[in-house]
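K.L.:
Let's have the full structure, built from the sequences with the hints guiding it.
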Amino acid sequence: MSLHLRDEAGGNEPDMLKLIELMHTNKKTGVKDKKVVQITETVRSQVNQIASQRQTQGEGPMTQAEINAVVVRRLVDNMHMSFPCNSNAAQGDHEQLREEVKTLKKIQIEKDAQIKFLLNCNKLFLDKLGICPPSPLSSPMDEDESETQEKIMGI
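Residue numbers (the UniProt record's numbering): 1 to 155.
Everything labelled a hint here was simulated from the structure, so no lab data went into it.
Where is the CB? At the ideal position from N, CA and C, for every residue including glycine.
A hint or two may mislead.
[What the hints assert, rightly or not] Computed spacing ranges between beta-carbons, pair by pair:
{"id": "1", "residue 1": "A51", "residue 2": "E95", "range": "31 to 41 Å"}
{"id": "2", "residue 1": "Q53", "residue 2": "E21", "range": "21 to 31 Å"}
{"id": "3", "residue 1": "Q53", "residue 2": "D15", "range": "17 to 27 Å"}
{"id": "4", "residue 1": "Q53", "residue 2": "K18", "range": "22 to 32 Å"}
{"id": "5", "residue 1": "K105", "residue 2": "R54", "range": "52 to 62 Å"}
[What the hints assert, rightly or not] Cut-off 25 Å, straight-line C-alpha distance, at most; resulting in silico cross-link-like pairs (DSS-like, lysine-lysine):
{"id": "6", "residue 1": "K116", "residue 2": "K102"}
{"id": "7", "residue 1": "K116", "residue 2": "K105"}
{"id": "8", "residue 1": "K18", "residue 2": "K35"}
{"id": "9", "residue 1": "K106", "residue 2": "K116"}
P.N.:
This is how it looks when you write it as structure tokens:
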């Protein structure tokens, strides 16, 4: 813990749970981040379970350092060692990206349909003219090589 936080807490271990709630509450609206509410409720539940177990075993109450250790473990487990600065903004970014992906998928589907249509038109046009389209497996390079070999061999 930072010495500054200890000094503000009167030399004691600061309450990390309250600190997290305070940091992730919108100052204008007072609305708490949903993820933080979920984490704090889970941590409080875990702390209550541990405290009741300790009480039945005849041990003393949990220290603030022990409670903070539960908070840190939960954050690491839940957030994979990263805590969002403002998950509301991140959520908005995710929504915007999802919409962009949907739009790009629609465009891709439309382009695929247009290409399929044009290929069919091309095939019909070549059939009408009586021209066989080149085999998709042969390339122009293959045709040039076979003509060159025919000329060399005198075929």
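K.L.:
Report the numbers of all earlier hints that the structure fails to satisfy, in ascending order.
P.N.:
none
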